[in-house]
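S.K.: Chain by chain, the residues run as shown.
Number of protein chains: 2
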Amino acid sequence: MAVKSLINGKSSDEISLYDRGLQYGDGLFETVAVVDETLLCWNEHLDRLQTGCIRLNIPVPNQETLLEESTRLIKSTKHGVLKIIITRGQGGRGYALPERVEPTRIVSLYPWPEHVSKNLEAGVKTRICDYRYSHNPTLAGIKHLNRLEQILARAEWNDSSINEGIVLDHADNVIEGTMSNLFYVVDGILYTPDLSACGVDGIIRQKIIKLNDVCINKTSLESLMAADEIFICNSIIGVLPIKRIDKNSFPIGEVTNQIKQALQKQNIIPTLC
Amino acid sequence: MAVKSLINGKSSDEISLYDRGLQYGDGLFETVAVVDETLLCWNEHLDRLQTGCIRLNIPVPNQETLLEESTRLIKSTKHGVLKIIITRGQGGRGYALPERVEPTRIVSLYPWPEHVSKNLEAGVKTRICDYRYSHNPTLAGIKHLNRLEQILARAEWNDSSINEGIVLDHADNVIEGTMSNLFYVVDGILYTPDLSACGVDGIIRQKIIKLNDVCINKTSLESLMAADEIFICNSIIGVLPIKRIDKNSFPIGEVTNQIKQALQKQNIIPTLC
Chain A
1 MAVKSLINGK
11 SSDEISLYDR
21 GLQYGDGLFE
31 TVAVVDETLL
41 CWNEHLDRLQ
51 TGCIRLNIPV
61 PNQETLLEES
71 TRLIKSTKHG
81 VLKIIITRGQ
91 GGRGYALPER
101 VEPTRIVSLY
111 PWPEHVSKNL
121 EAGVKTRICD
131 YRYSHNPTLA
141 GIKHLNRLEQ
151 ILARAEWNDS
161 SINEGIVLDH
171 ADNVIEGTMS
181 NLFYVVDGIL
191 YTPDLSACGV
201 DGIIRQKIIK
211 LNDVCINKTS
221 LESLMAADEI
231 FICNSIIGVL
241 PIKRIDKNSF
251 PIGEVTNQIK
261 QALQKQNIIP
271 TLC
Chain B
1 MAVKSLINGK
11 SSDEISLYDR
21 GLQYGDGLFE
31 TVAVVDETLL
41 CWNEHLDRLQ
51 TGCIRLNIPV
61 PNQETLLEES
71 TRLIKSTKHG
81 VLKIIITRGQ
91 GGRGYALPER
101 VEPTRIVSLY
111 PWPEHVSKNL
121 EAGVKTRICD
131 YRYSHNPTLA
141 GIKHLNRLEQ
151 ILARAEWNDS
161 SINEGIVLDH
171 ADNVIEGTMS
181 NLFYVVDGIL
191 YTPDLSACGV
201 DGIIRQKIIK
211 LNDVCINKTS
221 LESLMAADEI
231 FICNSIIGVL
241 PIKRIDKNSF
251 PIGEVTNQIK
261 QALQKQNIIP
271 TLC
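Each protein sequence line maps, in turn, to chains A and B.
For the first sequence, our numbering begins at 1 and goes up steadily by one.
For the second sequence, our numbering begins at 1 and goes up steadily by one.
Treat the hints as calculated values from the structure; they're not laboratory data.
Be a bit skeptical, because a hint or two may be false.
Because identical chains cannot be distinguished in the list, a pair is counted as satisfied if it fits within a single copy or across any two copies.
To be verified - The list that follows gives simulated cross-link-like pairs (lysine-lysine, BS3-like), each with its CA atoms no further than 30 Å apart:
{"no.": "1", "residue 1": "83", "residue 2": "10"}
{"no.": "2", "residue 1": "83", "residue 2": "143"}
{"no.": "3", "residue 1": "218", "residue 2": "4"}
{"no.": "4", "residue 1": "243", "residue 2": "75"}
This is chain A alone, in the form it adopts within the complex (with noise of 0.2 Å):
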């Protein structure tokens, strides 16, 4: 794995084991796309960062050293992965939190996925997840890094022709993808679930949320089975149409096409290679 990451700063593959982050998964993450030496939609990653940090009670990391850092890693870098970790550092007793917190800030730079192509563009297969997502609105929203409910949902499957899994909550509302958001299109209207209680804000959702009429709502699986359109997004696939749910087939709408070269013009999600 050709991945070059700095901790702190510091180039370094190696973290403490006594890590909250490795303990309990105390932390935060997020992805961003990086399209010659540009990381896309940089400060909407930084601001849901600092929304976590403050929902979880952890020091915001300073924005200058995060781009100076992020920076010097993706120097020629032509199209490549982003991620940063912040998590609450070491120490503490037990779950209770250290009297000094000192964040680990991790920034590592990974390949372009080869799985994500250009010709995803064509649509996506997805299916409909077996496993459900907790409710949990103190978590909802933020990308921490407590995701064994992903990993459920993601290891129901491993036929390769199957893209994403569609995943509902205990109380059967249609939430998102397992890495993506998820948008519809009935009569001309724009829908996208309603995500307080589950489910992660991602950047792109925010985005299309912001540049488009967009009806936020609670979603069953027999409405989101009758639209007329559906795509998924997040940072690194940019948009994509679903043009499979299980055995029932989508076609590749004209508000999704729409939707995706608005993102793609102004350089917020990119265009794949």
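With chain A held as given, fit chain B onto it using these hints.
M.R.: Here is chain B on its own, set in the frame of chain A:
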């Protein structure tokens, strides 16, 4: 921190950044009391670890290897805490499981925690936490590495005279302490909250249920507050009576004392020093 650790059998304090334990909290742990070079309830800890591995689809670690490494670490230890962490190791594409899983096995020996002393046997002060646990039947019972819920509950107070917080779930059922299980006595009958939707099925809880008639039920805060005696338990603190919950006082009861003495006699819980 005078801690000694073995990672996959080798003395080390550092782990790869790319371990899924750090990236996603993708793993499990056990906390074992060590008294006079003996690992208390060793088989029960191994059983729960195995249950957790099966639930998360992580290969079960070799029990002889774990015992050999733990025995090596605790040599000459009079009082200590052995912590085992098993993660899914490195690899995989995002949340997807690696094709070949090579778990990471971490065994650490910590000094006996200063705050757990004989003084606590006169009863602990507790509070009711505002934070509510989510329902998650798939993760309930096992001791996984996604512990932000406990951290959020424990972060609510830093008055050192408060020893533990009691956490309810979203449906207002009493579940457990942030780091302990809970039992209570009404009219001579012993009760403990049902943990099928959330909570950790502690080893000492399991032993108490095995050795006594216990009614496992949904518990309201009102019924807990009306109890004749209440105690908390875990592998390190053993059995400790609750003398206060917020402003309500409780006596140290006969049932609590009998259970504690029986467990100490059978070397199930440590005799505090």
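S.K.: Evaluate each hint against the coordinates.
M.R.: Consistency of the hints with the structure:
no.	hint	in the structure
1	83 to 10	both (15 Å within a copy, 29 Å between copies)
2	83 to 143	both (12 Å within a copy, 27 Å between copies)
3	218 to 4	neither (41 Å within a copy, 50 Å between copies)
4	243 to 75	neither (37 Å within a copy, 61 Å between copies)
Figure legend: structure checked against the earlier numbered hints; hints not met, in rising order: 3, 4.
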